[in-house]
Amino acid sequence: MDRMDVDVFRERQLLQNGVMKNTPVVVANISKKFNDFLAIRDISFHIPQSEHGCVFALLGPNGAAKTTTINLMTGLMQSDSGSVFLHGFDMNDQKQAEQAYKHIGLCSQFDVYLTELSVRDHLKLFAALHGVKWAEIDLIVQKLAGFVCLGEVLDKSVGQLSGGMRRRLSLALAIIG
1 MDRMDVDVFR ERQLLQNGVM KNTPVVVANI SKKFNDFLAI RDISFHIPQS EHGCVFALLG
61 PNGAAKTTTI NLMTGLMQSD SGSVFLHGFD MNDQKQAEQA YKHIGLCSQF DVYLTELSVR
121 DHLKLFAALH GVKWAEIDLI VQKLAGFVCL GEVLDKSVGQ LSGGMRRRLS LALAIIG
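Sequence positions in the sequence shown follow the UniProt record's numbering and run 1 to 177.
Errors might be hidden in some of the hints.
Unchecked claim - No more than 25 Å apart at the CA atoms, straight line, and that leaves these computed lysine to aspartate or glutamate pairs for DMTMM-like:
hint: 1; residue 1: K33; residue 2: D90
hint: 2; residue 1: K133; residue 2: E98
hint: 3; residue 1: K95; residue 2: E116
hint: 4; residue 1: K156; residue 2: E116
hint: 5; residue 1: K66; residue 2: D7
hint: 6; residue 1: K66; residue 2: D36
hint: 7; residue 1: K156; residue 2: D111
hint: 8; residue 1: K133; residue 2: D121
hint: 9; residue 1: K102; residue 2: E136
hint: 10; residue 1: K33; residue 2: D93
hint: 11; residue 1: K66; residue 2: D90
hint: 12; residue 1: K66; residue 2: D80
hint: 13; residue 1: K33; residue 2: D5
hint: 14; residue 1: K156; residue 2: D121
hint: 15; residue 1: K66; residue 2: E116
hint: 16; residue 1: K102; residue 2: D138
hint: 17; residue 1: K66; residue 2: E11
hint: 18; residue 1: K66; residue 2: D111
hint: 19; residue 1: K143; residue 2: D155
hint: 20; residue 1: K143; residue 2: D111
hint: 21; residue 1: K143; residue 2: D121
hint: 22; residue 1: K66; residue 2: D5
hint: 23; residue 1: K124; residue 2: E136
hint: 24; residue 1: K124; residue 2: D93
hint: 25; residue 1: K124; residue 2: D90
hint: 26; residue 1: K66; residue 2: D93
hint: 27; residue 1: K102; residue 2: D121
hint: 28; residue 1: K33; residue 2: E11
Because the hints were derived from the structure by calculation, they are not lab data.
Can you build the whole structure from these sequences, using the hints too?
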């Protein structure tokens with residue numbers, strides 16, 4: 001039997017005591033197998049609510065199941081056991097997962113853009129697709145561009161941007177949803 005780390009023990013105690021009911025992200029005892037390969041075994045963690053925001057990172061070498069964990073968290077894959085709750089919605093329940101999608105955004109490893117479109121047009125398109133009222137879109141675009149420091153390149157085509165600027169655009173799109 002593996003010896004349990006002190007932090008892992010504390011995290012499990014919080015889960016068992018229901019302390020995390022109002023926590024935005026709760027991952028409880030998830031496991032995932034691919035055929036006979038156990039990729040994830042009984043992982044638990046939470047990302048706490050914070051008025052100042054929170055930075056959370058999954059770190060590890062290639063093959064450490066970071067992407068698999070994200071896919072389980074976002075409902076792109078189903079876990080073999082355990083639960084994932086995003087803003088109280090159970091990601092193993094399709095109807096609840098659809099509600100959770102309104103509250104989350106994801107910056108994937110690879111960017112997918114229409115390189116001929118401008119930064120502004122990408123932000124407008126994404127906002128419209130996510131139900132932002134047309135009258136509010138320009139204000140949202142300006143705020144997001146300022147937040148991720150893209151204001152000076154709003155009218156450039158994405159094909160002209162550096163890799164770092166493209167990642168900023170990915171972040172802005174993820175913030176929209």
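Checked hints:
Annotation: proposed proximity of K33 to D90 holds, straight-line Cα distance about 20 Å (limit 25 Å). Pair hint K133 plus E98 holds up; C-alpha atoms about 20 Å apart against a cutoff of 25 Å. The straight-line distance between the Cα atoms of K95 and E116 is roughly 36 Å, outside the 25 Å bound, and the hint therefore fails. For the given pair, K156 sits about 9 Å from E116 by alpha-carbon distance, which is consistent with the 25 Å threshold.
Between the alpha carbons of K66 and D7 the distance comes to roughly 19 Å, so the proposed pair stays at or under 25 Å and holds. Between K66 and D36 the alpha-carbon distance is near 19 Å, which keeps this suggested pair within the 25 Å criterion. Restraint check for K156 and D111: satisfied, since their Cα atoms lie roughly 17 Å apart, inside the 25 Å limit. With a CA separation close to 15 Å, the supplied pair K133 and D121 stays within the 25 Å bound.
In summary, the hint linking K102 to E136 is supported, as the alpha carbons are separated by about 17 Å, within the 25 Å threshold. At roughly 20 Å between alpha-carbon atoms, K33 and D93 fall within 25 Å of each other, so this suggested pair holds. For the suggested pair K66 and D90, the alpha carbons sit about 20 Å apart, so the restraint of at most 25 Å is met. Of the pairs offered as hints, the one joining K66 and D80 holds, with about 16 Å between alpha carbons and a cut-off of 25 Å not exceeded.
A threshold of 25 Å between alpha carbons decides the hint, and for K33 with D5 the separation of about 23 Å falls inside it, so the pair holds. Between K156 and D121 the alpha-carbon distance is near 10 Å, which keeps this suggested pair within the 25 Å criterion. Annotation: proposed proximity of K66 to E116 is violated, straight-line Cα distance about 32 Å (limit 25 Å). Of the pairs offered as hints, the one joining K102 and D138 holds, with about 20 Å between alpha carbons and a cut-off of 25 Å not exceeded.
A hinted pair counts as satisfied when its Cα atoms are at most 25 Å apart, and K66 with E11 qualifies at roughly 19 Å. Between the alpha carbons of K66 and D111 the distance comes to roughly 18 Å, so the proposed pair stays at or under 25 Å and holds. Between K143 and D155 the alpha-carbon distance is near 15 Å, which keeps this suggested pair within the 25 Å criterion. Our distance criterion of 25 Å between C-alpha atoms is met by K143 and D111, whose separation comes to about 22 Å.
Straight-line distance between C-alpha atoms of K143 and D121 comes to about 14 Å, which keeps the hinted pair within the 25 Å bound. The suggested pairing of K66 with D5 holds, with an alpha-carbon distance near 20 Å, which does not exceed 25 Å. Taking the CA atoms of K124 and E136, the gap is near 10 Å; set against the 25 Å cutoff, the hint holds. At roughly 31 Å between alpha-carbon atoms, K124 and D93 are farther apart than 25 Å, so this suggested pair is violated.
Distance hint between K124 and D90 is unfulfilled; the C-alpha atoms sit about 30 Å from each other, more than 25 Å. Using a Cα cut-off of 25 Å, the hinted pair K66 and D93 holds, with the two alpha carbons roughly 22 Å apart. Our distance criterion of 25 Å between C-alpha atoms is met by K102 and D121, whose separation comes to about 21 Å. Distance hint between K33 and E11 is fulfilled; the C-alpha atoms sit about 23 Å from each other, no more than 25 Å.
Hint compliance for this structure: hints 3, 15, 24 and 25 are broken, all remaining hints hold.
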